[in-house]
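For chain R, the structure is supplied; the task is to place chains X and G on it using the hints.
Protein chains in written order, with the numbering used here: chain R, 6 to 262; chain X, 2 to 661; chain G, 4 to 327.
Treat each hint with caution, since some may be false.
Anything over 10 Å on all C-beta distances counts as not near chain R; from chain G, calculated [what the hints assert, rightly or not]:
1. Ala72
2. Val75
3. Pro140
4. Val202
5. Arg321
Derived pair list, reagent style SDA-like, types lysine to any residue, alpha-carbon separation capped at 20 Å [claimed, not checked]:
6. Lys253(R) - Arg259(X)
7. Lys253(R) - Glu235(X)
8. Lys312(G) - Ser250(X)
9. Lys310(G) - Leu152(G)
10. Lys22(G) - Leu53(G)
11. Lys63(R) - Phe185(G)
12. Lys253(R) - Ser250(X)
13. Lys63(R) - Lys22(G)
Hint data in this document are derived by calculation from the structure and do not stem from the laboratory. We put the CB at the ideal spot given by N, CA and C, even for glycine.
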Amino acid sequence: MALFWRIWAAVMLVNLAVLTIFVGLATLQFGNINSSLVGERLLVLADRTAAPFKAAAKIGLPLSTVRNSVALLERARQTDDAILAIHLFDAEGRIVHSTARPAPTAIPAEAFAGRAAAGGGAWYRETAEGFISSIDIVSRDSNPVGGILIVYPGGGNVTRIRAMAAELALLSIAVLLAAAALSALFLRLGLDRQITMFEAIDSAVTSFERGAWRSAAGRSFSMAEGDADELRSLLESAETRYRAEGRKLAATRDDAP
Amino acid sequence: MNARVRSLNRDSLRTGLIGMMAAIVTASVMAVGAASIAAFDRAVEPELTNRTRLIGSIVRSEIQHALELGIPFNAIVGLDRYLSVTIEKFDEVDRISVTSVSGQTVAVVERPTAPSIFERSYLGEVIAFRQTAFAMSILNGNELVGEITVEISPLFVQTRLRDVFLDVMVIALVATLVAMELALAVAVTSVGKPLDRVLRLLGQQRDGNFLHCIRPGGLGGLGRAAARLNDHAEDLAERLTALPAAVRSRIRATMDTRIAEGRPLRLRLSDINDIRLALFLFSVATEIAAAFLPLYARAAVRPPWLSPELAAAAPLVLYLVAVAVLSPFGGALARRFGARRLFLASVPPTVLALAAMGFSGSVVWITLWRGVMAVFYATATIACQEYAIRAAAGRGSARPVGAFVAVVYGGVFCGSALGGLLAGRFGFEAAFVSGAAIAVVSGVLGLVAMRGRAGDPETAPTPSPDGPAPQPWFGARFLALLLGIAVPMNAATAIFIWYLTPLILAASGSGPAEIARVVMLYYLAVVLFGSTVVSLSDGRIGSVPLLVSGALASGAALLSLTVWSGFWAVVAAVAGLGLGHTLIRAPLYALALRITGGSGAGLNALRLIERIGAILGLAASAVLLGDIGAESSIRALGIAVLSGIALYAIVEIAGRFRSA
Amino acid sequence: MSAALTAFLATSATAAQYKIMIATWRGCEEACQGFQDYLTEQGVDAEFILRDAGQKKEPLPGFLAEARAEGVDLILTWGTSVTRGIAGTLSELSDPAFNHDIPNVFTIVADPVGADIIESLDHTGRRNVTGTYNRMPEEVNIETIRTYLPSFMRLGLLYSTNEKNSVLKRDEIAALTGPMGFELIALELSLGENREPRVEDIAPKMAELKAAGVDFLYLGSSSFLQDNSDAVTGAAVENGIPVLSPYERLVRESQALISVAPRYYDVGRLAGEQVEKILVGGVAAGDLPVARMTNFAVVINMDVASKLKLFPPLDLLRVAETVN
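Just chain R, with the same shape it has in the complex:
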């Protein structure tokens, strides 16, 4: 029985460990999924905000000179209250117009990396504070003349991920409890043969020990029935040999001058 409980405990521990890993990885994955959903929505917004500036760039107007720039940026920002800021930047990344007061001087370092990786198309990235999404604006001869950068907070994202993590954790606990009960049953039935065998080993050892005590009082080792005959006879042979050697040693010591 001890074996059974030990195995059951081991199974439960392994189950716990594995489900923890699963919940951990699944939460990470959900984080990825959620981020990509938010990011893709921001891409739509970035694209839309850039449209009038693209028209201006197409006719050759330098971006910084579009007179109603700030109004255009602000209009886009108002489509979603959560947006922190929208910036219009030039080809070197300096911010030309912005909805933020005071406006930062240049786009953040991650934005440079993102632009480089996206090669001019729309992209988004998760940052420590939330999200940034951007799209380049090109002139008629396909030279980048600047772009739009949207800054979005990550708070809502974090909340949803935590909620999902909690849900998954609860799920796992429920499954663990169910598994505990079911596996006890399952193991009992399934490992029946093995447990019997193990108990046979145990009883072989026990009966050997009994024989060993009794042999001290002169009774010889007796052979009992059972599967683990081999084990029992091994034990007894080893014991016999030990006793023989021990006695030899003792004799030598007595003989010694």
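This is chains X and G only, laid out in the frame that chain R set:
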């Protein structure tokens, strides 16, 4: 007598136990997995439609702005073009139509139905997507003038949900694989080994060898037996030491018993499974960047003469070369220093390399550290391989190498999935640092678990116990095996799996996540069926039939692409190739071992030639791809594989005739 | 004695710190106003002496004489004609009839280099002259036309040989026809007895352009056409020809369809900035580079669009400012 007890108790108990554990844990994972998928879908679906709604409302606001400026509703210039551009930019929109209040269509643009690569998966029927169209009213001042209707492509949503499903499946598989390894480790330590130890010591003491003691502890009777046997050895040793020196030497000379000097030595048993968990984690750690290394390398600072594609490939190439160069010497190293020491020595440099790769800015450094990692990956895996072979007493069984391969590929699978997840969430540096941490854990586990003689340096050459007399290495049979089976197999892997499949899939529109999943299918086949093949190989079916059928299957898989094409054809080919190679791999190594006399040296030669074949194949296909095209390359590969089998079969049959 | 002192003090108290003469061509419009507003806002204590040439060159030397007599600190010249009339060209540097000593800031001059007033925009090459520059490259205008009307192929232009600017503009646009792929139909306005074009000539010439299949008309760089903007744009609308002008006023107040231009008010303010640097900052006029205008807008007259049944495309609607 001993053997029967051992086999009776140990194997069935362990297999039974592992089977139960695996079943229970897998069932739990699947249950949580299914519930997760449902939860994810519930969260994802509304967000998907939010984006489309946003697109619709943007179009509407443009129209309303035009109306406000006084432009008549049916005279809005450029509306058609605007709608077309919108549909082009956003995949999920199938159709946009603008109608007036009277029902007249002002403008309508529909996505041209391109031949769909992705057939409707069964998920489409399972997950019914409720809403496929949105209608929004168009106002001019306070007057309702019309309506804009946006239709969403159901395929788009299905694809996204299917992606969620597959991602969760991958995570479930990773968790299950980890579970298997953990279960095995637990079973071995708590049940298998204690019994083995007692039995071994019993055998020794029955034969008069009292030199050793074993780790105390064990369930019930076993624990007591262990204590008893330990005491035998200690007692005799104590008494011998108490005797004067002269008497001692006399006894030594006369008695045929062996008694320990001082304290009895700890007997440590080696088992193939000792290395499993450590090697698994090590493999996870080193492969953590597998999914994104090309991206990472391409985005890093590179010298002007290096193109982005070369930069992406550089780490991979250096890896292959490093492993190829080291393989011949690895076996000698393992024998000289002992598998345990070699493995443990390989861990710190790997940890360092992983951490360094995370913080390297330039391609040169990344490639360099990858090379360093490759070298120590090679030594670590060779060390484990040696340990495994020695622990299995070099019987030429497929088991040790099969187990070994399953562990490594399982690690590759889990590592790349984990790395991809971590990188996506926390960035590349975090993934590398996690890899380094996992490598540390694997080192600790290796220290704890790799006990026993199998880890020690080899003093005398192991004799081959049975099997035919070892042939000289460059015997026809070995060569046929090498050139006919091993090289085509590895060339196929390198060319088709690593190089052509991503190219073909990307050309037909798959994203990197999808490509990664398809490529992982190949490794999944190894993981799932590896152990079955191993037992079949050792058991009734035997190595050669498996080898041949595997090679035939892989040839067929490759050639199938000349008949069918498309996404699912590629998936089937990858799966088929994976299955075929799984059937080949373990029997191949077993045969190689047997032919070259049971030592690891032959295996290392095999691996070396395999790697060289892979490098040459990759280089050749990269050069030729532009000229002859993907389809012809695959056909050539398929033919090469089939002719390889033919060659091997001929040599084998000829050999049989000669010896008959 | 005290009375004289009081009188002196009184005069000093009421007299402004600077005297600035503003010489205009067509009266004090937005640029002139913007100029004055800027300096006032900046707290520059200046007295503005406004002199309008009434679209004639004759009064100009008189203005210069008056400026010299009054000892003004700076002259602001509005437009090419006024600037050439007062400050003279590069070839007249040694001619004392022109202004070579009083600081001279020009504004609303379409092409100061081409009009031979200065050497280059960065170095005027004249000790006392600088100004503002507010021109868009003509490519922008052509591209704007193309965006508005994708089927655009022929551009119409009216020019007169008595205005150097007008001819220069014709040449400039003609040079673009090849690279930008359009045709130019340029009609010369016949000159009357006083060597100036006649208003009556406008309508027939417009009909001619229409007959020649012109898609769009360019209206700029001609004082005559600007002064008669209503007539010109009215004739264009009657003939169904949309007009693009680099002068925003023509869209806002007349019947031109579209312009890509800066606000003249802002240009005036920019001139004010230059003047501030000279008077308050003490920088010599000749050391200042010509200030570039940095704010432009696309302005569309929706009323005209409606009359012509030629509405702007969705692309332009957001970025453009609309009138009517």
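Consistency of the hints with the structure:
1. Taking the minimum C-beta to C-beta distance to chain R, about 41 Å, the non-interface status of Ala72(G) holds against the 10 Å cut.
2. The claim that Val75(G) lies off the interface holds: its Cβ sits roughly 33 Å from the closest Cβ of chain R, which is beyond the 10 Å cut-off.
3. The beta carbon of Pro140(G) is not kept farther than 10 Å from every beta carbon of chain R, the shortest such distance being approximately 7 Å.
4. Every beta carbon of chain R lies more than 10 Å from that of Val202(G), the smallest distance being close to 32 Å; the non-interface claim holds.
5. Some Cβ of chain R comes within 10 Å of the Cβ of Arg321(G); the nearest lies about 4 Å off, and the non-interface call is violated.
6. Simply put, Lys253(R) and Arg259(X) have alpha-carbon atoms about 13 Å apart, close enough for the 20 Å limit, and the pair holds.
7. Taken as a hint, the Lys253(R) and Glu235(X) pair is honoured in the structure, with Cα atoms around 16 Å apart against an allowance of 20 Å.
8. Of the supplied pair hints, the one linking Lys312(G) and Ser250(X) is violated, its CA atoms being roughly 123 Å apart against a limit of 20 Å.
9. Between Lys310(G) and Leu152(G), the direct Cα distance comes to roughly 16 Å. Compliance with the 20 Å bound is thereby established for this hinted pair.
10. A threshold of 20 Å between alpha carbons decides the hint, and for Lys22(G) with Leu53(G) the separation of about 11 Å falls inside it, so the pair holds.
11. Between Lys63(R) and Phe185(G) the CA atoms are separated by roughly 17 Å; this keeps the pair inside 20 Å, and the hint holds.
12. The hinted pair formed by Lys253(R) and Ser250(X) meets the criterion: a straight-line CA distance of about 14 Å does not exceed 20 Å.
13. For the suggested pair Lys63(R) and Lys22(G), the alpha carbons sit about 45 Å apart, so the restraint of at most 20 Å is broken.
Of the numbered hints listed earlier, those contradicted by the structure are 3, 5, 8 and 13.
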